[in-house]
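Fit chain B to the known structure of chain A by using the hints.
2 protein chains.
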Amino acid sequence: MIIDGKQIAADIRRELRAEIEALLREGRRAPKLAIVIVGHSPASETYVANKLKACAEVGIEAVKLAYPTEITEQTLLTEVHRLNSDDSIDGFIVQLPLPPHINETTILSAIDYRKDVDGLTPENVGRTVQGLPSIISATPRGIRELLARYRIPTEGKHVVVIGRSNIVGKPMAILLMQRPYLSLPNMSAASLGDATVTICHSKTRDLAAICRTADIIIVAAGSPNLLTADMVSEGTVVIDVGINRIDDPAAPRGYRLVGDVDFEHVAPKAAYITPVPGGVGPMTIVSLLQNTIQAYHEHTR
Amino acid sequence: MIIDGKQIAADIRRELRAEIEALLREGRRAPKLAIVIVGHSPASETYVANKLKACAEVGIEAVKLAYPTEITEQTLLTEVHRLNSDDSIDGFIVQLPLPPHINETTILSAIDYRKDVDGLTPENVGRTVQGLPSIISATPRGIRELLARYRIPTEGKHVVVIGRSNIVGKPMAILLMQRPYLSLPNMSAASLGDATVTICHSKTRDLAAICRTADIIIVAAGSPNLLTADMVSEGTVVIDVGINRIDDPAAPRGYRLVGDVDFEHVAPKAAYITPVPGGVGPMTIVSLLQNTIQAYHEHTR
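Taken in order, these protein sequences are the chains called A and B.
So for the first sequence, my numbering puts the first residue at 1; every next one is plus one.
So for the second sequence, my numbering puts the first residue at 1; every next one is plus one.
Chain A with its partners taken away, still in its complex shape (with noise of 0.2 Å):
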């Protein structure tokens, strides 16, 4: 069965927009979301414009933050800091990447892990892993609703998760393995958390035969049909986080977006499997809205 997360998405947008005019008819503001870009690149620029349409579709409040190239690392921290202390925003993102004279990390770990609805602050990261409550990022809370939507069970499932990055492959293994302390609002009953984990990476020796015993694999390599047929056990659930681009001169555009998994042939086997495109990615700018409303709610309490 293929997992259809462009539907999935557009449900969930359709619950948000239903529960922020809840809000707003019980005489409660709207949730208010602040996106700050640093520079003029066309990519970021698309993803913010993105994210400001997604905001005003559900009823989120949403504020562009721009500023010059040239801005000092100094004076972005000064923004953060008066960001995390106006009363009026429940959370912001600082979109990446920003420019080489300002470190990434210093700007992330001065965010109000309350208003960190990246889920990225170092802050939130480990509250994850102390299973407190926190934000988590958006592709992992993304697949997470895919899972549940689906009613894929994990409890007691061994799950391969290929993939050790900061934004996916972590937060995700660490999600999968936990007690299910994080209850999300409108989730099914499906119970989440309580697999047993392994995690891959390029060190992994005889990955195949790893994937075989499982009964999930979630890819997150970036490496187009690093997932093929012989790897995958008869009824596994597949979750493709990869997305790349591999040239093709018949596609429109001389490329065409695959993922990590040789879906072809890997489909006709798995029990649920999710497309590229249309799979997780759909789920990713969700993600941020369900977060921005969580933030507002915890910081309208």
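Read the hints as simulated data drawn from the structure, not as lab findings.
Treat the hints with caution; some may be incorrect.
Identical chains blur together in the list; that is why a pair holds if it fits in one copy or across any two.
Straight-line distance between alpha carbons at most 30 Å, and here's what the computed DSSO-like set of lysine-lysine pairs gives [what the hints assert, rightly or not]:
| id | residue 1 | residue 2 |
| --- | --- | --- |
| 1 | Lys64 | Lys53 |
| 2 | Lys53 | Lys203 |
| 3 | Lys269 | Lys64 |
| 4 | Lys269 | Lys203 |
| 5 | Lys6 | Lys53 |
| 6 | Lys32 | Lys6 |
| 7 | Lys269 | Lys157 |
| 8 | Lys53 | Lys269 |
| 9 | Lys203 | Lys157 |
| 10 | Lys157 | Lys64 |
| 11 | Lys32 | Lys269 |
Relative to the frame of chain A, chain B by itself:
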């Protein structure tokens, strides 16, 4: 081969003493640790006394700050903030448990991560996950040191961690799966990290089969005889973190300490194994000393 934690701990204490003597000869001050204790639990008093003694042996200046059981959370929080900004203190710990009217998470989270020589703040845990310079909690740091001193490589090895506690299982899994960012001073050339890690717990199915595929098994489940000989392949490295009291009328105190491993039957199959007592246990205070000196070097740099 039996891993002699007592011997390694003594070696490290001797190295640390030499290091501090050299600092003093250069005219620098000694590292300084503060230990906060609330109330009068005999167990806590003993732990604190042992820590003070260990500090004295290597030349770390240590002060005990004792507060009455009735101290309010707010007053204790004020003390934490004072210690955060006291420039003469390189690191401090708050002896747990705290009285029930004080929220431990609130207190621990308030400690500046640079002075958090127990490595328990969410900020330090998150920094560890993200591969940033951080302070590692005592048991994982001690185990890493044992592996390094015995030159047991972890790169590409399959490590099975049994137990997902905040103080052992989860940080241990994270350290071993990481790229080896965090090279320790005085450490052997053994490559630590870069392992394929499986984390198992009470919900894991067929633990025995998973353990039989392991090159290294780290057991931190708090369950006597959990790991039996049939679960261990020939040549496995076994690290036993368990400390369990079991009744033994023949023992002088009426009980004896055992680990989570059936040592008698597992040891003959293991390439290396830690005993209980005398394996991981003696390393934990040494880790506190190492963390204090690490914080000192960062603080006085």
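Each hint tested on the structure:
no.	hint	verdict
1	Lys64 - Lys53	within (11 Å within a copy, 56 Å between copies)
2	Lys53 - Lys203	neither (41 Å within a copy, 42 Å between copies)
3	Lys269 - Lys64	neither (45 Å within a copy, 62 Å between copies)
4	Lys269 - Lys203	both (27 Å within a copy, 26 Å between copies)
5	Lys6 - Lys53	within (16 Å within a copy, 62 Å between copies)
6	Lys32 - Lys6	within (25 Å within a copy, 56 Å between copies)
7	Lys269 - Lys157	both (18 Å within a copy, 29 Å between copies)
8	Lys53 - Lys269	neither (38 Å within a copy, 62 Å between copies)
9	Lys203 - Lys157	both (24 Å within a copy, 9 Å between copies)
10	Lys157 - Lys64	neither (42 Å within a copy, 47 Å between copies)
11	Lys32 - Lys269	neither (44 Å within a copy, 60 Å between copies)
The structure fails hints 2, 3, 8, 10 and 11 (numbered hints given earlier, in ascending order).
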